[in-house]
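With the hints as constraints, model all of the structure from the sequences given.
Count along the sequence shown from 1, then add 550; that gives the number in our numbering.
Keep in mind that the hints are not guaranteed to be accurate.
[Claimed, not checked] In silico SDA-like links for lysine to any residue, alpha-carbon gap of 25 Å or less:
1. Lys819 <-> Glu770
2. Lys612 <-> Ile748
3. Lys608 <-> Leu698
[Claimed, not checked] Listed next, with one range per pair, are the computed distances between beta-carbon atoms:
4. Glu817 <-> Asn755: 12 to 20 Å
5. Val635 <-> Asn755: 21 to 29 Å
6. Ile712 <-> Ile649: 21 to 29 Å
7. Asp756 <-> Pro650: 43 to 51 Å
8. Gly675 <-> Ile712: 16 to 24 Å
9. Gln760 <-> Lys809: 19 to 27 Å
10. Ile712 <-> Val635: 29 to 37 Å
11. Gly621 <-> Ile668: 38 to 46 Å
12. Thr646 <-> Ile573: 19 to 27 Å
13. Glu827 <-> Gln751: 17 to 25 Å
14. Leu729 <-> Leu669: 15 to 23 Å
15. Ile573 <-> Arg813: 16 to 24 Å
16. Gly675 <-> Glu827: 48 to 56 Å
17. Gly621 <-> His779: 37 to 45 Å
Quick caveat, the hints were computed from the structure, so don't treat them as lab data. Note that beta-carbon positions come from the ideal geometry of N, C-alpha and C, so glycine has one too.
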Amino acid sequence: MHVHPITKNLKVAFFLNLGFTIIELIGGLMTNSIAILSDAIHDLGDTLAIGTAYYFEKLSDKKRDNQFSYGYRRLSTLAALLNVVILTAGSVVIITQTIPRLLAPQEVNGMGMIGFAILGVIMNGLAVLRLKSKSKSLNQRTVMLHLLEDVMGWGAVLVASIVIYFTNWYILDPILSMLIAAYILFNALKNLKSIMHIFLQAIPNDVDVQQIQSAALKIEGVEEVNDLHVWSLDGEFNIASMHVFYSQEFDLEKSEWLKTEIRKLFEEKGIEHVTLELEAPGNKQGALNSSFH
551 MHVHPITKNL KVAFFLNLGF TIIELIGGLM TNSIAILSDA IHDLGDTLAI GTAYYFEKLS
611 DKKRDNQFSY GYRRLSTLAA LLNVVILTAG SVVIITQTIP RLLAPQEVNG MGMIGFAILG
671 VIMNGLAVLR LKSKSKSLNQ RTVMLHLLED VMGWGAVLVA SIVIYFTNWY ILDPILSMLI
731 AAYILFNALK NLKSIMHIFL QAIPNDVDVQ QIQSAALKIE GVEEVNDLHV WSLDGEFNIA
791 SMHVFYSQEF DLEKSEWLKT EIRKLFEEKG IEHVTLELEA PGNKQGALNS SFH
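Have a look at this one:
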């Protein structure tokens, strides 16, 4: 069986995160750092998210069948939604556990935090490099978001732990934990918007349907275009359908040429799966009144 390189990289990232999450939990307890424990909870969520992404990426590569005519590509978007739920839940847990430490800061092991922070940057950095420049689907971008957040979070922990070591400002530990949680929650909700955009079959942000319509009307033989739909399966694979009314003078023997020219317009926008229906001018009354959806 052929193993997709992105799927293989997700598998490697999963085991890297799983191993380091266990180390983090131990390290957080040893250093009494809520910031490290917060990152451990976050990384545990990431580990589950990456594992889910790995499973759905394998399924999404399956060919279409009699039950799923578009194939299984949208499963990767479902995985992205589950990942957002995991991150949101993890953020809420972090916030509820951090509030008491803000009110009553506790002593932490600054030197121990420095050591774990350096290890965190290295381990999560390796996971990012495994997926770098290969993440195209929404699911893969979501996983990349998790890993980049981890690197940034551990960088912040490193800086804070150095300050704590030299100043004993223990309040920095819960403050940093709260900032990490807020940042995770903000980005998770932001990504949720993109996911719902896909599930509701909205027009992709990088597609200008009015521009496509205008360009189609300039093609020889096109009198009107109607019922234009553009949507995305997974944030990467876009689909379109459109009714094209040809002029009375149009030579039907050139219908294949006309379809080819119109398809080129969609391909320029990254839309390769296009369904076109050519109709005679007399059929306009039977068409939908809306120009696009």
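Going through the hints against the structure:
no., hint, verdict
1, Lys819 <-> Glu770, "holds (21 Å)"
2, Lys612 <-> Ile748, "holds (20 Å)"
3, Lys608 <-> Leu698, "holds (23 Å)"
4, Glu817 <-> Asn755: 12 to 20 Å, "holds (18 Å)"
5, Val635 <-> Asn755: 21 to 29 Å, "holds (23 Å)"
6, Ile712 <-> Ile649: 21 to 29 Å, "holds (25 Å)"
7, Asp756 <-> Pro650: 43 to 51 Å, "holds (45 Å)"
8, Gly675 <-> Ile712: 16 to 24 Å, "holds (18 Å)"
9, Gln760 <-> Lys809: 19 to 27 Å, "holds (21 Å)"
10, Ile712 <-> Val635: 29 to 37 Å, "holds (35 Å)"
11, Gly621 <-> Ile668: 38 to 46 Å, "holds (44 Å)"
12, Thr646 <-> Ile573: 19 to 27 Å, "holds (24 Å)"
13, Glu827 <-> Gln751: 17 to 25 Å, "holds (19 Å)"
14, Leu729 <-> Leu669: 15 to 23 Å, "holds (21 Å)"
15, Ile573 <-> Arg813: 16 to 24 Å, "violated (53 Å)"
16, Gly675 <-> Glu827: 48 to 56 Å, "holds (51 Å)"
17, Gly621 <-> His779: 37 to 45 Å, "violated (19 Å)"
The earlier numbered hints that this structure contradicts are 15 and 17.
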